[in-house]
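A.B. asks: Each chain, letter by letter, is given below.
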Amino acid sequence: MGEAKGSKAGHGTFIENGKIYSERLGILNKREEYINVIPLKGRYDPIEGDFVIGIVEEASASSWLVDINAPYPALLHVNEVSWDVEFGETEKFLKHGDSIMAKILQVDVAKKIQITLKDRNLYKIRGGHIIYVEPSKVPRIIGKKGSMIALLKKYTRCRIFVGQNGRIWIDGDEEGIEKVLQTIKIIEDESLSFGLTNRIEELLKKDAKDVR
Amino acid sequence: MKPKSDIKLIDEHGKRLDGRKLHDLRKIKIEAGVLHRAEGSCYLEWGGNKVLAAVYGPREAVPKHTQNPLRAIVNARYNMAAFSVEDRKRPGPDRRSREISKVISEALEKVILTDKFPRASIDVNIEVLDAEAGTRCAGLTAAGVALADAGIPLKDIPVACAAGKIEGHVVLDLGKEEDNFGDADLPVAISPRTDEILLMQMDGHLTLKEFDEALDLAIKGCHVVSDIQKKAIMSKYESVLEAE
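Residue numbers (my numbering), protein chains in the order written: chain F, 24 to 235; chain D, 8 to 251.
No lab work stands behind these hints, which were simulated from the structure alone. Wrong hints could be hidden among the right ones.
[Unchecked claim] Quick list of the computed label-pair ranges, beta carbon to beta carbon: (1) GLY169/F to VAL69/D: 36 to 42 Å; (2) GLU71/F to VAL69/D: 33 to 39 Å; (3) ASP122/D to SER83/F: 28 to 34 Å; (4) PRO98/D to SER83/F: 38 to 44 Å.
[Stated by the list, open to error] Restricting the straight-line Cα-Cα distance to at most 35 Å, the calculated cross-link-like pairs of lysine-lysine (DSBU-like) are: (5) LYS147/F to LYS117/D; (6) LYS64/F to LYS243/D; (7) LYS64/F to LYS117/D; (8) LYS42/F to LYS238/D; (9) LYS135/F to LYS96/D; (10) LYS162/D to LYS118/F; (11) LYS147/F to LYS123/D; (12) LYS28/D to LYS64/F; (13) LYS168/F to LYS141/F; (14) LYS160/F to LYS135/F; (15) LYS168/F to LYS123/D; (16) LYS135/F to LYS28/D; (17) LYS28/D to LYS243/D; (18) LYS167/F to LYS243/D; (19) LYS228/F to LYS28/D; (20) LYS117/D to LYS167/F; (21) LYS64/F to LYS160/F; (22) LYS162/D to LYS126/F; (23) LYS42/F to LYS28/D; (24) LYS123/D to LYS208/F.
For glycine and all other residues, C-beta sits at the position ideal for the given N, C-alpha and C.
Please model the entire structure based on the sequences and the hints provided.
C.D. replies: Printed below as a string of structure tokens:
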């Protein structure tokens, strides 16, 4: 828990007696006059507009409860899906254990979360693998403007969807999936080193040659 | 009161039974992140005490009526293993462990930014594997490290240490015989950044002057332990920080 003076307090910090303190274990990050702390660990904190992967926990008459790895389950109302669902027939569409890609519609003050499936490319997941990484590492897996994820897709020919909540869905042939898993492990381990995207590209390129 | 014994707790050179001086701590070893199921965890050895702490959450509090719509609740559970003491300890919560669970919960509640997680609960399990006086301090210190390891927003990492009186001398960190045959025991938990007191209990009798002396001594001890805590957390994340 570091200490800092001056500047403005950003994410992950609090002010006491005119000093800025870090509220959790993380890495100091200065951006303009703000001081932020990038957490190393911790639960996913839902933000409106995030794309996430959820697992259905419960189906009720007109909604589903979905686990999105946040401290609270998220509510998916029938009005927020693209199917025509009769009252009480929610189970026909999504049952306990089904996985979905969703967008966070709303988070209110009481941290009640609502999610939606009404956006581009959001649907129920069929097939493929879901793996889990620390939510704080997700930005590195996506890369700057999606550069890292684009690389992965290009060299492994897998379909990949990265949820902000740390769940990643991968679908493709076995070899491709294996390679994605290995690469993600490397990204996770070296998530803070410099020029990672370039190194990963080289690695993938080399492997790609071996295959052909 | 306590049974008198003919053991001499302090010898003529001012040394205690285990060779420590009056103001010395026992040996402390802390390791963070030892359990993979828990969000955060810590294993701590403090003299003969061996304590394991695990943090789960924040997660939705169950049963629902225990939820607080404005902040998270903190559930600490202190438990002693049946094999942790000389005689077998009857397993399960008893009057003593329930009291310790309550005071530790309240101490931790003061440092956790609970308003960030309305309706949630943060569960802290403290398991005493081996006991040798001062387990509540060891447990709370371990819980502090486990909370930081779990990435839970904290105002400070809480730390605890005891002081006491044996044979008329105010001493730091009582050992087993000193606790059993000494005159007083004063466990104190603080938030080391501000020196705010999070927990203070007393067993036995101290004069006002002795009390002040013991409190100062305990707070000093807390700061020493706090440094060990921070080192343990840093060493776990060293590789990550070096890469930065």
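A.B. asks: List in ascending order the numbers of the hints, as given earlier, that are violated by the structure.
C.D. replies: 2, 5, 9, 10, 12, 16, 19, 20 and 23
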